[in-house]
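Participant: Quick note, the sequences are listed as chains A and B, same order. When the count follows the working numbering, it moves up by one through the first sequence with no breaks and lands on 486 for the last residue. When the count follows the working numbering, it moves up by one through the second sequence with no breaks and lands on 1371 for the last residue.
One thing to keep in mind: the hints can contain errors.
[What the hints assert, rightly or not] With a straight-line cut-off of 27 Å between C-alpha atoms, the simulated DSS-like cross-links for lysine-lysine are: (1) A:K363 <-> B:K1286; (2) A:K149 <-> B:K1286; (3) B:K1252 <-> A:K426; (4) B:K856 <-> B:K782; (5) B:K788 <-> A:K426; (6) A:K448 <-> B:K1286; (7) A:K363 <-> B:K856.
[What the hints assert, rightly or not] Example chain A residues on the side facing chain B (calculated, C-beta under 10 Å, incomplete): (8) V44; (9) K46; (10) W49; (11) A276; (12) F290; (13) A417; (14) K426; (15) P433; (16) K448.
[Claimed, not checked] The calculated label-pair distances, taken between Cβ atoms and stated as ranges, are: (17) A:I411 <-> B:P1318: 35 to 41 Å; (18) B:P1318 <-> A:A5: 49 to 55 Å; (19) B:D1204 <-> A:A276: 23 to 29 Å; (20) B:I734 <-> A:P4: 37 to 43 Å; (21) A:A5 <-> B:A1328: 49 to 55 Å; (22) B:S732 <-> A:V463: 41 to 47 Å; (23) A:A186 <-> B:L1272: 33 to 39 Å; (24) A:V463 <-> B:G1124: 49 to 55 Å; (25) A:V463 <-> B:G889: 54 to 60 Å.
Keep in mind the hints are simulated off the structure, nothing from the lab. Keep in mind that this is a model prediction, so the values were computed, not measured. Beta carbons are placed, not taken as given, at the ideal position from N, Cα and C, and that holds for glycine.
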Amino acid sequence: MNFPILSVITFLPFAAGMFLLMLPAQRKNEARAVALAAAVADLLLSAWVYVQYLTQHMQGYQFVEKYTWLNIPPLNIALHFGVDGMSAPLVLLTGIVMFTGVLISWGDDNPKVMSGIQDRPREFFAFLFLLAGGVFGVFVSLDLFMLFFFYEIAVFPMYLLIVIWGWVKTREYAAMKLTLYLFIGSVVALVGALVMYWAQYQNTGALSFDMLLMERANFSATFQRIWFLPVFLGFAVLGGIWPFHNWSPDGHVAAPTAVSMFHAGVLMKLGAFAAIRVGVMLLPEGAKYWSGLIMAFSAIAVVYGAYIAFVQTDLKYMIGFSSVSHMGLVMLGVSTLNVTGLTGVGVQMVSHGVMTALMFAVTGMIYDRAHTRMIPELGGMAKVMPFAAVGFIISGLVSMGMPGFSGFIAEFPIFMGVWRVQWLVAAVASISIIITAAYIMLIIRKVFYAPMPENLQGQVGDITVLDKTAIVTLCLVMVGIGVFPSVITPMISSGVNYIMNILGGA
Amino acid sequence: MTTELLMWLIPLPPALAFFAILLFTNKSKALSHTVGVGAAFLSWLGAMIVFVRALGVENLARNPFVSRINWMPTGDSYFQIGVQVDPLTAVMLFFVTLCVLMIFIYSVGYHNFGQPKGDHDVKGLPPHGATVDGHAVPSVEPMYSRFFAFIGLFAFGMLALVLTDNVLVMFMGWEIMGLCSYLLIGFWYAKPSARDAAVKAFMTTRVGDVFMLLGIAFLYSVTGSLSYKDVFSENVLRALASVPSGVFGLSAAGLIGLLLFIGTIGKSAQFPLHVWLPDAMEGPTPVSAMIHAAAMVSAGVYAVIRMFPLTSLDPKTMSFIAFIGAFTALFAATIAVAQNDIKRVLAYSTISQLGFMIAALGIHAYVAATFHLVTHAFFKALLFLGSGSVIHGMEHGVLHTGNHKVDPQDMFNMGGLRKKMPITFWTFLIGGFALSGFPLVTAGFWSKDEIFADAWAHGHWAVFLTLALAAFLTAFYTMRQITLTFFGEARTEEAKHARETPWTMTMPLVILSVFAVGYGWLGMPHWLTGGLVPNWFHDFVGSMLTEHQAELGFNIVPLATSLVVALGGLAAGYFMYRDVKSAAEDKLQIPVLVNKWYVDEFYQVALIQPAIWFSDTFVSKWMDKGFIDGILHSFGPATGGVGRVIRERFDIPVVNQFFGDGASEASWWLGRNLRPIQTGRIQQYLVLTLVILLAVGGLIYFLLTA
C-alpha cells in the first residue's frame, strides 16, 4: 500500500479542527490562516486523487485502504476506504466547497463591511472542518458502519454551526428541525443496515459491514423489497427528497453563508450518494421494485420546488427551494436506473453542488453589505459588485441548464433517461425548466440590474479579493464541465457501469 | 486549407472575439470593433470558400462535407459532434455570414463611433448626445465594446447551429442565441421596458425550447442517436413512421416532429408564442436585424426545414404546421396594419413572413420555404437596418430641436424623409418592394410566388387564400410605412432636420439591397426563362429530398394572384396614406388591432396570474407551509400530547401514585400502626417473644403431626 491518501484527506480536517481549538481565541487571523492552509491541502489532495483516477485507473475502487477498527464478534468493523467513478468527483467537490467556504468566511476587520465570520472564527472553522471531515468520510467509506459513523459526524456540527452563527430570527427553529429530520432519517436507515448485517450472516456466514461483500450477499427479493424503502428514504431525507424536504430551505436560510454552501453544496449530495450507495447498490431488487414511487416523489419535488422558489421574496429561501427542485432531478435520475439517467445524476451532483455554493456565496456577500436578503429591497448590485453579478449570472445559467455550462451536461442526460422510462414524467418535470428560468431571470433583473434603492446607495461596497477567488474557482468548474464534458463524464460512466452491473445490466 | 478544417473554423472567430473583447480589449472601442468586425469578416470569408467549393461537388446532398470528433463519452461509445455542409447548410451559410457581416459593420455607425462621449450618458441607457461648441451632436454608446462581444457570441450560436451535424448541438446553438437575445434585448438595462422585454423574450422562447428538448429526448430514446446521418437514414425514418407514439394518434415521427416544431413556434415567434418578438424592439436596431433576419427567427425555420424528412412523415403534424403558419401569416399582418412604430411594423411583418415559410413547409413546399427564408433574410435585414438609419436620422433632428418628447420611431412624426436621406430612402424602397413582392424584379416576388404556386398546384385552398390575403396586407402596410416615412412633407420640426447617416450605415444597406433584388433571380422558374438560366436554387436545395420534387409548370392563377395582391396592396397603401397628417386621421387605428388582439392581456389573465396563484397560494402556502409543515408541526404537539396522556393517565395515577406513592404510604401506614408495640419495656417484649414462640412452636407441632 502506498501513501494512504484517502485517510489523509478524511482525517486532515479533523486534525486541523483540533489544532484550531488549541489556538488562543484572540488570534483570529492565525486561526483563519490555519484553516485556509488545511483547506488548500485537502483541495490539492482531492484534486490529485481525481486526476489520478481520471488519467490512470478509471475503473472500480481505487486508492483502497483497509484497517481493522473493531473486531469483537459478532461485530466486525473496518476502516475501509476507496473511491470509484461516482465518489471521486464528489470528494473533489467537497475539497472545492471547503476551500471556497473558507475563503468567503475569512472576515474583514473593517467594521463597515462586516463580511465573513467576525465572531469566534476559530470555533467556526473547527466545527466546519468537523463537518467537512465527516463528509469526506462518507464519500470514501466502503464499510457500512463507518459510513454511518461519518454520516452522523457530518450532521451533528450543523446544529452548532447554525445555532451559534446562524440568522438570529430562525436559527433555533431551523437547527432543531434539521437535526431531527436527519437523525430520524439516519436511524431508520440504520435499522435497515443492521437488518442487512444479520441477513448477510444468515445467507453467507460472513460477519462484516464491508459493502463490497454485502453487494454479493444474495438478499432475497422479498427482503430487498421490504428494506429498500426505509434505507433509501432514510438517506434520501438528507438529499431533500419530497415530502421530507422541508428541513432544507429552513436550514439554508438560518445557516451562515459557508454552512449554506456546505449544506447545499455537499451535504445534500451526501444523502443522495448514500441513498445510491446503500439503497440502490445493496438492494437493487428493491430499487427496481420501488423506482416508480421514487420517480413520482422526485418528479413532484422538481416541479414543486421550482414553483415555490418562484414566489419567494427571500433570496436564500429562493435558492433553498431551487435546491429542492434540482436535487429532485438527481433523485429523478436515480429512479431511472438506466445508464443515461445515472450518468446525469453523477454530473448533476457536482454541477449543482458548485452552482448552489456559488449562489449562496454571492447571496452572503450581498447580505453582509446590504443587510437584507429580501429581493424587493435589493437592486443595482451589478454596479457595485460586478464580479459577484457575473458569478451569480453564470450560476443562474447553470441552474437553468444552459448549454455551455455544466447544468446542461447534467440535466440533458437525466431528461433523456427519464423519457426512456416514462415520457410523461419527463414532460411534467420539464415544466421546471421554464419556471427555473423565470425565477432566475426575475432575480437577476431585480437584484442586479434594477435601480438601487435609495437607502442602499453609498452603503454597499465591492467584494474582497478572497471572495473573487472563490467565485472564479467555482465558475471555472461550471464552465469547464460545460465546455469539456470529458473532464468528468468518463469517470461518472465508469461508476455508472459498476452500478449497472449490480442492477443486472438493465 | 482543407474544407473539413475550414468548416470547424467558421464559427470560431466570433466566439473568440467575444472572449477577446470581454477580457482584453474592453477599454478600447476601436480595438473592440476591429476584433468584432474582423471576426465576422473571417467567418464570412471561410463560409464563401466553403460555399464555392460546395458548388463544385457533384450531388452534394448525398456526399456532404462532414467532419466529426468524439465529444462526450456515453458509457461504451462516444457522443460525436461534427460539422456538415450540404446544400441546405451551404445556402444558410451564404446569407447568415453575409447578413452578420453587414450588421457588424452597421453597428459601428449605429453606436456613433467617433463621436464624443455623452454629457450625461450612463451605462445601460441609450446615448443622449453631447454638446460640442454649443451644438448638440450624437454621443457614442457607453457600452460600445460590450455590444460587439455579445453580438459576436450571438453569431457564434447561429453558425454553430447551421454547421452542426446533429440535433444536440443544434439545440445548444439555439440556447446560446436565446441567451444572447436576452443579453442584447436587455442591452439598455436601465430602461425598465428593456428589462421586461428581455425577460419576456427569454421566457417565451424558453417555453418552446422545453418542448424541443422533450422532442430531442424522445428522438434519442427511440433511435439512440441524434446525428442527422443516423436519424434521417431510410430505415430509421421508416421505423419512426410506423411506431405509434400513443399521443393524439400520431406516429413517433409525428410526435417528435410536433415537439420540435413547438420549439420553432417559440424561436420563430409563431402564434401563440409570438408575443416576445415585437417587444424585442427594445434592443438596439442591429440586434433587431440580427434576431429578425440573420439569426434567431431564421434558426427556427431552419430547424423545421432540417427536420422536414421526419415531420413530413405524419400528415397530422403537417396539417398542424400548415395551420399555424397560415394563421400566423394573416394574424400578424392584421396587427402590422395598425402599428405606428416603424420597427414594430417590421416586427409583425417578420412574424407574418415566417408564417409564410412555415405554412409552405406544412404543405410540403420544401424548396419554396427555403427560398423564402433566404430572400426574406436579405430584405428584412435591409429593412431593419434601414429603419435604424431612419431612426438615427430622426434622432439627429431631435438633438437639433432639443425636444426629447418627440418619439423618433413614430412614423407619424416623420414624412418627407426621401429628400433628407436619399440612400436610406432608395434602399428602404427596394427592401419594402421585395417584402411586398413587387413583380419580376424583386426577390420577394419569386419566393412568394413559388409558395403560391405550390399551394395552388397541390390543392391547398385554405392555405392559398389565407396567404393571398396576408400578402395583400403585407404590400399594404409596407406601402403605408414607406408613404408615412418618406413621402409627403415633414410632419414635425424634427423630421425637417433629419440627416443622412454615415457610410458605415449606408454601405451595408446598399449591399443588402443588391441581394434583396438579385437573389431572386437564382430561383426564377424555367417557364419564364425558357431554360436559358437554370433554376439553380430549386435544383440545388431540392436535391436534399429523397424524392426529388419536380419543378412546377406554369399556371396563371398563382401568378395573377401574386401580381394583384402585390400591386393592389402597394397602390392602396400609397393612396390611403398619401395625405394623412396625423394618427387621428388613420382609419385603421382599430382598438383590437392596435392592441394586438389582446393576446398579451389574455396571457396575463389566463396564464401568468394563475401561475403566480398556483405557486404562491397553492404550492407554497397550502401545500408546503400548510400541509407538509403542518404535519411536521403537529408532530411536536402530538408527541407532547402523547407524553401528557402518559403522564396524566398512567405515570401520575398508576406509577407515581399507586406504586410509588402507594408503597411509601403503605410503609408509613404500617410503621404508624406498629408503633404502639414499640413501648421500650423489656418485660413486655419478653412476654411478646414468649407468646410468638409458643404460637410458632404450636404451629410447627401441628404441621408435623398433621
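Participant: Decide, hint by hint, whether the structure agrees.
Facilitator: How the hints compare with the structure:
| no. | hint | verdict |
| --- | --- | --- |
| 1 | A:K363 <-> B:K1286 | violated (35 Å) |
| 2 | A:K149 <-> B:K1286 | holds (20 Å) |
| 3 | B:K1252 <-> A:K426 | violated (41 Å) |
| 4 | B:K856 <-> B:K782 | holds (20 Å) |
| 5 | B:K788 <-> A:K426 | holds (17 Å) |
| 6 | A:K448 <-> B:K1286 | violated (37 Å) |
| 7 | A:K363 <-> B:K856 | holds (15 Å) |
| 8 | V44 | violated (24 Å) |
| 9 | K46 | violated (30 Å) |
| 10 | W49 | violated (36 Å) |
| 11 | A276 | violated (15 Å) |
| 12 | F290 | holds (5 Å) |
| 13 | A417 | holds (5 Å) |
| 14 | K426 | holds (9 Å) |
| 15 | P433 | violated (15 Å) |
| 16 | K448 | violated (15 Å) |
| 17 | A:I411 <-> B:P1318: 35 to 41 Å | violated (57 Å) |
| 18 | B:P1318 <-> A:A5: 49 to 55 Å | holds (52 Å) |
| 19 | B:D1204 <-> A:A276: 23 to 29 Å | violated (55 Å) |
| 20 | B:I734 <-> A:P4: 37 to 43 Å | violated (58 Å) |
| 21 | A:A5 <-> B:A1328: 49 to 55 Å | holds (53 Å) |
| 22 | B:S732 <-> A:V463: 41 to 47 Å | violated (19 Å) |
| 23 | A:A186 <-> B:L1272: 33 to 39 Å | violated (60 Å) |
| 24 | A:V463 <-> B:G1124: 49 to 55 Å | holds (50 Å) |
| 25 | A:V463 <-> B:G889: 54 to 60 Å | violated (25 Å) |
The structure shown violates the earlier hints numbered 1, 3, 6, 8, 9, 10, 11, 15, 16, 17, 19, 20, 22, 23 and 25.
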